[in-house]
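Sequence order for the protein chains is H and F.
Just so you know, my numbering puts 101 at position 101 of the first sequence, and the rest follows in order with no gaps.
Just so you know, my numbering puts 34 at position 34 of the second sequence, and the rest follows in order with no gaps.
Please note: incorrect hints may appear among the correct ones.
If chains are identical, the list can't say which one is meant, so a pair holds when it fits in one copy or spans any two.
[As the list claims (entries may be wrong)] Computed list of lysine-lysine pairs in BS3-like fashion (alpha-carbon distance at most 27 angstroms, straight line):
hint	residue 1	residue 2
1	K3	K110
2	K107	K60
3	K2	K42
4	K105	K42
5	K45	K68
6	K32	K2
7	K42	K3
8	K45	K107
9	K60	K110
10	K110	K42
Quick caveat, the hints were computed from the structure, so don't treat them as lab data.
There are 2 protein chains.
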Amino acid sequence: MKKYALRIRIWIDEDDGPFLGIGRVILLENIKETGSITNAAKSMKMSYRQAWQLVEDMNKRASPLVEKMSGGKKGGGAILTEAGENAVREFRNIEQELNLIIANKSKTIKF
Amino acid sequence: MKKYALRIRIWIDEDDGPFLGIGRVILLENIKETGSITNAAKSMKMSYRQAWQLVEDMNKRASPLVEKMSGGKKGGGAILTEAGENAVREFRNIEQELNLIIANKSKTIKF
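Only chain H is shown next, with the shape it has when bound in the complex (with noise of 0.2 angstroms):
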């Protein structure tokens, strides 16, 4: 007999556009795993410019998420503000919850 699973992809939109989905996501747990954009991108295989981008898209659809930090012998670094922090763990728990949920469900759907 064939097996079934649900599945669900979550993003959250602002009132203009995407906000947070879970490539922007992962991006906001490499820059604070990593310290810097330059190197969250790297880890993901994507262009400076293109975290960049995502960044000032997000920094501008919210409070500020993450903060640059300019000059310094290594060139800038960037964290997470708590605005940041706060947005990925919401991202991550809402996930969670709803992950549950469809596992659940994925165990009574028959066809």
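Keeping the supplied structure of chain H fixed, place chain F upon it in accordance with the hints.
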């Protein structure tokens, strides 16, 4: 203050690949409404070939969902089988249930 809305896309995978998403459900609903794959395809601006391939794929991944009737004055029509009716109903139920959950969640998110 900006407003945010949580969004989801739902689909169902079978062991070997995607089985049912919103596009296929709408195709099934249109087959039911129009009584043929040709008319359903037209109403979605989809080629007959593409619609037919989607139907073949769905029929392979579950009990047949669509039954093609050959011959008759109007050429072959198509109807949903009981399994087809159930699949549409089940998908729409799951969708509605999850939409309620995320509508409630949407009210609480803030960035």
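Checked hints:
Taking the shortest alpha-carbon separations for K3 and K110, only the intra-copy value of 8 angstroms comes in at or below 27 angstroms, while the best inter-copy value is 38 angstroms. Taking the shortest alpha-carbon separations for K107 and K60, only the inter-copy value of 21 angstroms comes in at or below 27 angstroms, while the best intra-copy value is 41 angstroms. In the homo-oligomer, the alpha carbons of K2 and K42 never lie at most 27 angstroms apart, since the shortest distance is 40 angstroms inside one protomer and 32 angstroms across protomers. When the C-alpha separation of K105 and K42 is checked against a cutoff of 27 angstroms, the pair qualifies neither within a copy, at 37 angstroms, nor between copies, at 34 angstroms.
Taking identical chains as interchangeable, the C-alpha atoms of K45 and K68 lie at most 27 angstroms apart only when both belong to the same chain, with a minimum of 20 angstroms there against 47 angstroms between chains. Proximity of K32 and K2 under a CA criterion of 27 angstroms is satisfied inter-copy only: 25 angstroms between copies versus 41 angstroms inside one chain copy. Proximity of K42 to K3 under the C-alpha cut-off of 27 angstroms is found in neither arrangement, the shortest distances being 38 angstroms within a copy and 32 angstroms between copies. For the homomeric pair K45 and K107, neither the shortest alpha-carbon distance inside one copy (36 angstroms) nor that between copies (35 angstroms) is at most 27 angstroms.
In this assembly of identical chains, the alpha carbons of K60 and K110 lie at most 27 angstroms apart only when taken from different copies (14 angstroms versus 44 angstroms within one copy). In the homo-oligomer, the alpha carbons of K110 and K42 never lie at most 27 angstroms apart, since the shortest distance is 42 angstroms inside one protomer and 30 angstroms across protomers.
Checked against the numbered hints listed earlier, the structure breaks hints 3, 4, 7, 8 and 10; every other hint is satisfied.
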